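**Q** Chain by chain, the residues:
Protein chains: 2
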Amino acid sequence: MPETRHFAEDLDLLKDRLLWMGGLVQKRVADGVNALVAGDTSKLHELIDSDDVLNKLQLEIDDTCFKLLALQQPVASDLRLIVSAIKISADLERVGDLAINIAEAAEPYLTYRPVKALIDLPRMGEIAQQMLASALEAFLTNNATAAKSVLAADDRLDALKEQVFRELLTYMLGNPETVPPAVELIFISRHLERIGDHATNIAEDVIFITEARDVRHSRRK
Amino acid sequence: MPETRHFAEDLDLLKDRLLWMGGLVQKRVADGVNALVAGDTSKLHELIDSDDVLNKLQLEIDDTCFKLLALQQPVASDLRLIVSAIKISADLERVGDLAINIAEAAEPYLTYRPVKALIDLPRMGEIAQQMLASALEAFLTNNATAAKSVLAADDRLDALKEQVFRELLTYMLGNPETVPPAVELIFISRHLERIGDHATNIAEDVIFITEARDVRHSRRK
Chain W
142 MPETRHFAED LDLLKDRLLW MGGLVQKRVA DGVNALVAGD TSKLHELIDS DDVLNKLQLE
202 IDDTCFKLLA LQQPVASDLR LIVSAIKISA DLERVGDLAI NIAEAAEPYL TYRPVKALID
262 LPRMGEIAQQ MLASALEAFL TNNATAAKSV LAADDRLDAL KEQVFRELLT YMLGNPETVP
322 PAVELIFISR HLERIGDHAT NIAEDVIFIT EARDVRHSRR K
Chain X
142 MPETRHFAED LDLLKDRLLW MGGLVQKRVA DGVNALVAGD TSKLHELIDS DDVLNKLQLE
202 IDDTCFKLLA LQQPVASDLR LIVSAIKISA DLERVGDLAI NIAEAAEPYL TYRPVKALID
262 LPRMGEIAQQ MLASALEAFL TNNATAAKSV LAADDRLDAL KEQVFRELLT YMLGNPETVP
322 PAVELIFISR HLERIGDHAT NIAEDVIFIT EARDVRHSRR K
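Order-wise, the sequence lines are chains W and X.
Residue 362, in the working numbering, is where the first sequence stops; the numbers in between run on with no holes.
Residue 362, in the working numbering, is where the second sequence stops; the numbers in between run on with no holes.
If you're looking for bench data, these hints aren't it; they were derived computationally from the structure.
Predicted model, so just to flag it, every value in this text is computed and none were measured.
Honestly, I wouldn't trust all of these hints.
Each pair may be met inside one copy or between any two copies, as identical chains are not told apart.
Stated by the list, open to error - In silico lysine-lysine, DSBU-like type, Cα no more than 30 Å apart, as pairs: (1) K289 - K184; (2) K302 - K208; (3) K168 - K197; (4) K228 - K197; (5) K257 - K289; (6) K257 - K208; (7) K184 - K197; (8) K156 - K257; (9) K257 - K197; (10) K208 - K184; (11) K257 - K228; (12) K168 - K228; (13) K208 - K156.
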């Protein structure tokens, strides 16, 4: 059945494309946080001016998915995989935008005297990146258990966001000079939290695909 | 052809369901902003504790869409409409979450002495609601021109967000007492901006559906 073989290859290519997009997006998040910590404004400008490769990748992935839906008319878990790919590419594209938002807040931050040593924000950045990596790995391997670990990490990210907020509020109340830079750091913590939300969306899609497969399998027994 | 007639009816029911969900979501945004302006904490609590009807609606709409995709195997603009419905229900569900986020920021705000008369935030709320209404109306009527007006409104919303931020920063620098309430207002302005982003996503989906239809029509000539 060459049709089926081609279809399986098409699905593998689609997964590869999403993983590649995910890798680019993770790198942008890492670049944003690292440039903030290092005070590297030229890296921030590079990030803010970065071309729309993610946008193009999203359109390309969507186009592939629509062609597969129209020509192969998949059902059950294949159908769910392809529709989820459309949703995942949209989530990844928005994470790319959030990496730019981080750079846009880091740029004015670096023009002020530092409020404090940056410890929690890099931790948030690492958790957010790890969540993206785990969500994509779970997608690749249809692993619902790995996907559920992403949801647990999101709680840690939310708790860190609250901790960052309370600490920076204390600085602002004590010294008005810290208000403009502290506000930018609060924004960055919220951008990182939203990156975690997008990783969570991807993980939920994986659980949805995997549970659909389980349902289909149990029906076949 | 009863199959085709049923399919057309199914699509109409799907559109009705999305519009109903959109109406609920718009009401939540209006309730959040109105309760902030009126200082109505019991309304805010009601909103924060509101049940997961939007979540259930999203699952129901998704389920309908997957059944239509699997059983009817639609192509061209019908395929795009159904996949867009899945994306739109996700956007609406997140707008519902943002309405709760607004209430969660309004609640602590109301425990402080008011920073200033609230003029720009209600305006932002009205623009965001109008964007949602226009995007859904454009979806219902396949009107790409109406959808494009949503994108223009998003620029006005972004400009207001910047204006609110600059004004509140001035208050915070002048009087540390205003920092905690002003920060909550800044968060609310950002939640409203994100509601506008979701309306923009919906409008972009409409443009996508409509342009696909145009392409299909031009091919038939």
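**Q** Work down the list of hints and note, for each, if the structure agrees.
**A** Here is how each hint holds up against the structure:
| no. | hint | verdict |
| --- | --- | --- |
| 1 | K289 - K184 | neither (34 Å within a copy, 34 Å between copies) |
| 2 | K302 - K208 | neither (41 Å within a copy, 39 Å between copies) |
| 3 | K168 - K197 | within (17 Å within a copy, 35 Å between copies) |
| 4 | K228 - K197 | both (15 Å within a copy, 19 Å between copies) |
| 5 | K257 - K289 | neither (34 Å within a copy, 44 Å between copies) |
| 6 | K257 - K208 | neither (51 Å within a copy, 54 Å between copies) |
| 7 | K184 - K197 | within (22 Å within a copy, 44 Å between copies) |
| 8 | K156 - K257 | neither (42 Å within a copy, 51 Å between copies) |
| 9 | K257 - K197 | neither (38 Å within a copy, 44 Å between copies) |
| 10 | K208 - K184 | neither (38 Å within a copy, 47 Å between copies) |
| 11 | K257 - K228 | neither (38 Å within a copy, 41 Å between copies) |
| 12 | K168 - K228 | both (20 Å within a copy, 26 Å between copies) |
| 13 | K208 - K156 | both (15 Å within a copy, 24 Å between copies) |
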